[in-house]
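*Asks:* Residue 15 in UniProt numbering is what sits at position 15 of the sequence shown, and the numbering runs on without skipping anything.
Hints in this document: simulated from the structure, not taken from any laboratory. Do not rely on the hints blindly, as some may be mistaken.
Unchecked claim - Simulated DEER-style distance windows between Cβ atoms: (1) Val72 / Asn100: 34 to 44 Å; (2) Leu117 / Gly92: 51 to 61 Å; (3) Thr87 / Ala67: 47 to 57 Å; (4) Asn100 / Arg142: 52 to 62 Å; (5) Leu105 / Ser140: 23 to 33 Å; (6) Arg79 / Arg20: 34 to 44 Å; (7) Gly71 / Glu93: 30 to 40 Å; (8) Ser140 / Arg113: 39 to 49 Å; (9) Ser155 / Met102: 30 to 40 Å; (10) Gly109 / Ala156: 29 to 39 Å; (11) Ala64 / Arg103: 42 to 52 Å; (12) Leu117 / Ile80: 30 to 40 Å; (13) Arg103 / Glu83: 28 to 38 Å; (14) Arg121 / Arg86: 46 to 56 Å.
Glycine included, every Cβ here is placed at the ideal spot set by N, Cα and C.
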Amino acid sequence: MSLSGGMDSPATGTLRPRRRPLQPLSSPANHLPTEKMSSIQISKQIDGDAGKENHPAFSGRLDASLAEELGVARRRRDRIRLERERTERMLGERDLVLENGMRDLVMRGEEQRRLELELLRLIGISDLGLLSGSSSPIRSLREREEERRNKDAGSALQVGN
Numbered sequence: 001m002s003l004s005g006g007m008d009s010p011a012t013g014t015l016r017p018r019r020r021p022l023q024p025l026s027s028p029a030n031h032l033p034t035e036k037m038s039s040i041q042i043s044k045q046i047d048g049d050a051g052k053e054n055h056p057a058f059s060g061r062l063d064a065s066l067a068e069e070l071g072v073a074r075r076r077r078d079r080i081r082l083e084r085e086r087t088e089r090m091l092g093e094r095d096l097v098l099e100n101g102m103r104d105l106v107m108r109g110e111e112q113r114r115l116e117l118e119l120l121r122l123i124g125i126s127d128l129g130l131l132s133g134s135s136s137p138i139r140s141l142r143e144r145e146e147e148r149r150n151k152d153a154g155s156a157l158q159v160g161n
């Protein structure tokens, strides 16, 4: 068992290093360690703001890039405000159109109901349920099953005779 990193396999129990540590591209022949950085001394403020974390902001003239960024942000804010107003206006118009459509549908329904009642009065039918729109021309499942039972019962009686 060698630790030299040769051709040993994991079955023999030795581990070979799979990765090499990073090496500098061009290492000098006489490598001298770099000097340690001297520690930076932070002086305490003498005035009354010693414990204050938020120092006054720089009150100097804004850089050109900061002024540009501010202008871009203002233009973007104005564009977003205009888009929001346009969207609100458009949604208000759509709301009015939908309200008018709903009002028209309600009025048509009331008119149709009034005409049905007038027609029934003219015909002289007292039973409103016969011609009302509540009865569907499509038979329900219950009605179909009752009809089938009646047919089955009728055919069983005829076969039995």
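*Asks:* All the hints need checking, so say for each whether the structure fits it.
*Replies:* These are the hints, each one checked on the structure:
1. Val72 / Asn100: 34 to 44 Å: Distance hint for valine 72, asparagine 100 holds at roughly 42 Å.
2. Leu117 / Gly92: 51 to 61 Å: 38 Å, violated
3. Thr87 / Ala67: 47 to 57 Å: 30 Å, violated
4. Asn100 / Arg142: 52 to 62 Å: At roughly 41 Å between Cβ atoms, arginine 142 and asparagine 100 fall outside 52 to 62 Å, so the hint is violated.
5. Leu105 / Ser140: 23 to 33 Å: With Cβ atoms ~27 Å apart, the hint holds.
6. Arg79 / Arg20: 34 to 44 Å: At 55 Å between Cβs, range violated.
7. Gly71 / Glu93: 30 to 40 Å: 33 Å, holds
8. Ser140 / Arg113: 39 to 49 Å: Distance hint for serine 140, arginine 113 is violated at roughly 24 Å.
9. Ser155 / Met102: 30 to 40 Å: Once the Cβ atoms are compared, 52 Å apart, the range 30 to 40 Å for methionine 102 and serine 155 is violated.
10. Gly109 / Ala156: 29 to 39 Å: 47 Å, violated
11. Ala64 / Arg103: 42 to 52 Å: 58 Å, violated
12. Leu117 / Ile80: 30 to 40 Å: 55 Å, violated
13. Arg103 / Glu83: 28 to 38 Å: Holds, since arginine 103 and glutamate 83 (Cβ atoms, about 30 Å apart) stay within the stated range.
14. Arg121 / Arg86: 46 to 56 Å: 53 Å, holds
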